[in-house]
Amino acid sequence: MAFVRKIEKKISHGLIVVARSPAVEGGPAAAFEAALVEALAAAGRTVIVVPHLYYLRRGMAAAERLAATTGPLVVASWLKPRAARWVLAALGRMADGVAAVDLKEFGTGEEAARAVMAVLGAESLNPSPGPSGHPLPRERGETEEEKEEEK
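Just so we're aligned, residue 665 is where the sequence shown starts under our numbering, counting upward by one.
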């Protein structure tokens, strides 16, 4: 998980914001975002879905809600982390306590969810069964037994 090494600090008990893709509704990005939100919600996290950050303007309900948040915030968007933090600052949510995840760096929503959970300081996604009754996916080598088997 090369992405996690780029994070300067981990945030605990933070609010998660998923900023939607600017792509056409119902495309591959929509399925990616749905999988991301589902995995995070199944892990018991509070997730807010907002339009693409560039489309938010002061006075919009989503922008006002973001500006009013206090405490740690993780933003998963289709922007580079620096750009995401700049947009949030322009909307009134200063960058202190804000971590940003670039969704373009991941192949699936589940991979992105693992990265968000890593930023939050969680070891992994909750291994409890997902909506289908099957455990949520995780990467091989996450448990101590699997790490030993790989050696």
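Source of the hints: derived by calculation from the structure; they are not laboratory data.
Some hints could be false.
As the list claims (entries may be wrong) - Using C-beta positions, here's what the derived DEER-type ranges look like:
(1) 692 <-> 723: 29 to 35 angstroms
(2) 758 <-> 691: 18 to 24 angstroms
(3) 686 <-> 725: 29 to 35 angstroms
(4) 692 <-> 732: 28 to 34 angstroms
(5) 729 <-> 694: 17 to 23 angstroms
(6) 721 <-> 760: 29 to 35 angstroms
(7) 686 <-> 756: 32 to 38 angstroms
(8) 735 <-> 692: 18 to 24 angstroms
For each residue, glycine too, the CB sits at the ideal point set by N, CA and C.
* Violated constraints from the hint list, given by number and in increasing order -> 2, 3, 6, 7 and 8
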